[in-house]
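A.B. asks: So you can see what is in the structure, the chains are spelled out below.
Protein chains: 2
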Amino acid sequence: MGVAVSEQSGARGGGEERLDEQHLPQDPHARSPDPYPDHLRLEVEEYLEALRFSDEPMTAGLEEAMRYSLLAPGKRVRPVLALATARAVGLAPRSVLPLAGAIEMIHTYSLIHDDLPAMDDDDLRRGRPTCHVAYGQDVAILAGDGLYAEAFHHLLSRQESEPERVLAAAAELAGATGVSGMVGGQYADVREQAPAGPAGVRRLHELKTGRLVGASIVCVLLLAAVDGPATMALRRFAAELGVLFQIVDDILDVIGTDQALGKPRGSDERHGKRTYVSEFGIDRAKELAAESHRTAREALAQGGPPATARAELEQLTDFIYTRTS
Amino acid sequence: MGVAVSEQSGARGGGEERLDEQHLPQDPHARSPDPYPDHLRLEVEEYLEALRFSDEPMTAGLEEAMRYSLLAPGKRVRPVLALATARAVGLAPRSVLPLAGAIEMIHTYSLIHDDLPAMDDDDLRRGRPTCHVAYGQDVAILAGDGLYAEAFHHLLSRQESEPERVLAAAAELAGATGVSGMVGGQYADVREQAPAGPAGVRRLHELKTGRLVGASIVCVLLLAAVDGPATMALRRFAAELGVLFQIVDDILDVIGTDQALGKPRGSDERHGKRTYVSEFGIDRAKELAAESHRTAREALAQGGPPATARAELEQLTDFIYTRTS
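Chain order of the listed sequences is A and B.
The first sequence stops at residue 325 when you use our numbering, and every number in between is there.
The second sequence stops at residue 325 when you use our numbering, and every number in between is there.
Keep in mind the hints are simulated off the structure, nothing from the lab.
It is possible that some hints are incorrect.
Just so you know, same-sequence chains aren't split out, so a pair can sit in one copy or run between any two.
[To be verified] Here are the simulated lysine to any residue pairs, SDA-like style, with alpha carbons at most 25 Å apart: (1) K273 - L48; (2) K273 - P57; (3) K75 - P163; (4) K273 - Q137; (5) K273 - E56; (6) K273 - S54; (7) K75 - E162.
Treat the numbers as computed from the prediction; the structure is a model and nothing was measured.
Taking the hints into account, I'd like the entire structure generated from these sequences.
C.D. replies: Encoded structure:
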């Protein structure tokens, strides 16, 4: 807990003096996390709460299980990222709510399946019994499958934009969650298929976590059809944010508290998972988090959105770095 | 096996004399099935065989499991239906191969998940050990998830047509496999949630099987953007074909052979499933199949495609009725 991350970042930073002073304390996880764009989170939660998938009594129990997991308390980092990105590129955040909702449904489905006894076998998630503990394994498998299907159904039928832009965003989201994305990463994780060494850990997490976090940004760029240097910088930002997210996740699994995490601490080690901490040790992992945070912030600053338009993305970047859960 | 289905159909038919004479023997399952459009099946198989999802060594084992199930021998009824529908509405069958491939990937994913120990717990499928028997439950869950993701990725990025048509087809496919479709039907089945009585059984199967079979036709109509009375008749055909498919499935689970089915006969009864046979008895189920076959054929005849263009759809309809596996 006492690793002086700020020294590292101070030494290599420079481009963002205000940031180094205000946002990088001795240990980012030893204090309250940075402020969060809660107004966007509230918009997402209201939207998710209002989602219904069918009014058929026969499937009401399935929908209950899907909503149980979908509406469990969470920061909604991915959909909030989508809304903040919309603002950064000049769209109204509300205009990408169907995409944002789809992304959160997909994230929830992945948690449900990852928690299954045949996978990570976790009983607790977001502070509640996991879906299969509450509803049984059969229903949990189907609740995940149903959320994935309804995510695409929702995105493809509700997201307003030019059809070719919606197509491009949906294709990106499908790719980010397939074999070269989330599902492939989860496979490599549970079957220990990542190559040895740091590059292997990084690539594993790029697939498992990074691509969906990144897609939360990239899909909005595709919907907005923004192009040119601004897009390149925001794509770099998206990729780096995925890395930062995972490094901090790995650190929190070691130093976080069960209560804050909403699940038992140390589950990575119990499952023999390869993480940034297992690969680099806790101290170097913290340094890497600081470096990644700085890289993400720099990409964002180069990205072109005016300072006011990128404020929420900056907040999110800092929050992802300093979060405690 | 000795129920005189043809008397029923003979008495009520009339519109399709040739059909009654040539295609409805005493018991359709007591003889060889009708001819199958194997040239379309071969196009589908060649296409599926060539699909690759990633060249990353880390996920090669996942891709192997996906291909193990995807390439297991099968009639490919759903993708072949899509190709035959394309011909019926004036498109080149090859032009809808990306859609057809996506549909078969989704069908395969549903088989993998349905076979899991927490679901139907089946060890044999298409004459081979099921995916979880061959690769483990964790990999089987992910192989199913991966096939669903790659199905949409493939359809959204490879299917040529106007973007708004691809969007409409993909939205239909997502809806047909969600809570008001395949996944909802499977839930109602495993958790015995269908309402009592014949309407309940019919609705259950409409969701579980009917909507994906129907989508194999309807998605092509959406891609082709055909409209008007022809579409209405083909949509009726699509819905009825889904019903026919399931009634025959239920009958074959009772009277088929393990070898032909590629899985143990009688699994519905062992699992206490509600089927057309459990609800109506074998004799009445056969009558219902004959009625459904006739209704489907009539809808097709009214559908407007010229006789030469609809020949493959007629073949498929007869095959689905008379198949032995």
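A.B. asks: Check each numbered hint against the structure and report the violated ones by number, ascending.
C.D. replies: 1, 3, 7
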